[in-house]
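**Q** Here are the chains, one letter per residue:
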Amino acid sequence: MSEVRATEAVDESTSPEELAAEVEEAREAVTDVLSEDMPRAACQLRVNDLSLWYGDTRALRDVNLSIMRHRVTSFIGPSGCGKTTLLRCFNRLSDLVPGCRVTGDVELEGESIYAPEVDVSQLRRDVGMVFQKPNPFPKSIYENVAYGLRVQGIRKRRQLDDTVEWALRAAALWDEVKDRLDDSGLSLSGGQQQRLVIARAIAVQPKVILLDEPCSALDPISTLKVEELIQQLRDQYTIIVVTHNMQQAARVSDYTAFLYMGEVIEYGDTDQVFTNPRARATEDYITGRYG
Amino acid sequence: MNQLNLGQHISQKFNEELEDVRRKVLHMGGIVEEQLVNALQAMLQGDTELAGKVVANDQRVNALEVEIDEECTLIVARRQPAATDLRLVMAVIRTINDLERIGDEIKRVAKMVREELDGSMEEEVRLEIEHMGDQVRAMLSQVLDAFARTDVNAAVAVARADHKVDLKYHAITRHLMTYMAQDHGSIPQVLNVLWAARALERIGDRCQNIAEYVIYLVIGKDVRHVSLDDVMAELQAQGAAD
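Listed in order, the protein sequences are those of chains P and A. So for the first sequence, our numbering puts the first residue at 1; every next one is plus one. So for the second sequence, our numbering puts the first residue at 292; every next one is plus one.
It is possible that part of the hints are untrue.
Said to hold, decoys possible - Selected chain P positions facing chain A (Cβ under 7 Å, derived; list incomplete):
hint : residue
1    : Leu-96
2    : Gly-99
3    : Phe-274
4    : Ala-281
What the hints assert, rightly or not - No farther apart than 20 Å at their CA atoms in a straight line, the calculated lysine to aspartate or glutamate pairs in the EDC-like style are these:
hint : chain 1 : residue 1 : chain 2 : residue 2
5    : A       : Lys-512   : P       : Asp-269
6    : A       : Lys-512   : P       : Asp-212
7    : P       : Lys-133   : P       : Asp-212
8    : A       : Lys-304   : P       : Asp-284
The hints are simulated quantities; they were obtained by calculation from the structure and are not laboratory data. Keep in mind that this is a model prediction, so the values were computed, not measured. In this text, a Cβ means the ideal position worked out from N, Cα and C, and glycines have one as well.
Go ahead and model the full structure; you've got the sequences and the hints to work with.
**A** Now the structure itself:
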């Protein structure tokens with residue numbers, strides 16, 4: 001399964017091992033995710049003074065964040081605080097909202113994603129997204145995962161088979177569906193559907209996976225499976241999770257950002273945020289106190 | 292963030308559970324304090340009846356430890372506390388363990404009074420034990436106070452005071468060794484006094500532990516095995532930053 005990835009992901013100049021070593025080294029140099037001068041190799045996404053308006057309503061206020069490569073970052077905060085809005089800026093889904101206006105910038109591996117020459121379809125392949133409600137296409141399990149590859153023009157049956165199997169294995173779903181790949185994706189349970197959607201997202205080899213409340217429609221066991229999957233994927237992908245489940249954020253993420261009224265109030269190491277938050281507002285939110 | 296704000300949870304029941312646990316810890320501490328006062332009095336006056344009462348009362352301390360421990364387990368299971376709430380529950384679980392062990396040390400002293408110490412101590416030794424007892428009692432009462440008021444400075448003061456108790460213990464040890472060298476017949480008697488002094492010294496250590504949990508509770512930093520000067524320096528830096 002790793003060969004599929006290897007043939008596509010390798011950059012001519014560096015081997016995956018070299019890249020991983022470089023990233024690891026850069027990451028170790030980071031003592032504070034808030035630091036402005038995070039080494040480039042460690043930083044996957046950088047948000048610079050990002051503000052967003054829906055008409056006259058300002059939904060994000062001067063957000064500055066560095067998202068660590070190949071780590072899990074979670075966004076927490078009360079409803080309407082802007083966490084999903086921020087997430088949608090990372091693959092420019094926000095462009096689709098009428099009356100939405102963005103200032104500031106988001107860089108993916110050092111390149112602005114709002115630059116005029118950016119191919120938004122390519123951006124959305126690089127930055128995959130999974131939504132709250134599982135949304136498999138009304139197609140077979142196989143075709144759900146192969147869809148993105150077909151869109152990219154891949155026709156070779158062998159390559160499609162390999163990638164579908166790899167993605168389904170990576171999404172911890174293969175053993176459950178390998179004998180019924182031709183069944184409809186909609187015939188799966190909610191938890192399986194969500195993992196199918198994650199398999200579909202990773203089949204196109206994104207750099208970043210955005211998960212918008214991926215478990216809020218799932219039962220506790222399916223939730224644990226998705227959380228386990230996040231842990232397994234974190235070595236190869238940069239993952240950002242928006243969640244209302246604070247224990248989930250504490251369990252799965254390396255870094256946590258607390259947003260409130262469109263601002264990042266606190267951003268730091270998850271362990272620190274959940275045991276000893278710096279800001280009173282964070283404390284009140286995660287302990288369930290009146291703000 | 293010096294206050295626990297236990298009354299501000301959206302869940303009223305959660306407020307009550309945490310407040311209840313906190314109150315019970317203070318209640319348990321109050322009983323231990325009373326036990327210590329009685330044991331010291333029994334030892335210094337050779338009051339075996341009072342000593343017997345202290346031994347019997349240790350049950351109350353043990354029962355409270357079990358009860359509070361169970362309540363903390365339920366809070367963790369039901370509420371998955373975070374931040375200060377989590378630190379409070381952790382500090383409580385650790386504190387009641389040390390309080391219970393303090394209770395055991397007190398019981399040990401009281402048992403010795405009942406069985407062996409007859410109050411016929413050399414006046415000089417009596418004064419030193421009495422002084423050490425006062426030091427330890429002050430530590431216990433101050434650390435419970437620091438817990439009740441979540442007062443870091445008071446907790447640091449208690450942690451520092453343990454050093455004085457240690458010094459006193461060493462002084463008494465040296466003193467008692469001289470007695471034993473001079474009069475071999477007094478050894479069994481003197482050894483008992485030594486064990487009692489040892490028990491008081493251990494109580495001081497456990498008060499220091501509790502002081503460290505209070506510091507953890509308030510500032511979120513584990514200061515076990517860290518120099519107190521470093522802690523104070525950091526606190527001052529934090530205070531300046533705030």
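**Q** Give a verdict on every hint.
**A** Hints, one by one, checked against the model:
{"no.": "1", "hint": "Leu-96", "result": "35 Å, violated"}
{"no.": "2", "hint": "Gly-99", "result": "34 Å, violated"}
{"no.": "3", "hint": "Phe-274", "result": "5 Å, holds"}
{"no.": "4", "hint": "Ala-281", "result": "12 Å, violated"}
{"no.": "5", "hint": "Lys-512/A to Asp-269/P", "result": "15 Å, holds"}
{"no.": "6", "hint": "Lys-512/A to Asp-212/P", "result": "33 Å, violated"}
{"no.": "7", "hint": "Lys-133/P to Asp-212/P", "result": "9 Å, holds"}
{"no.": "8", "hint": "Lys-304/A to Asp-284/P", "result": "17 Å, holds"}
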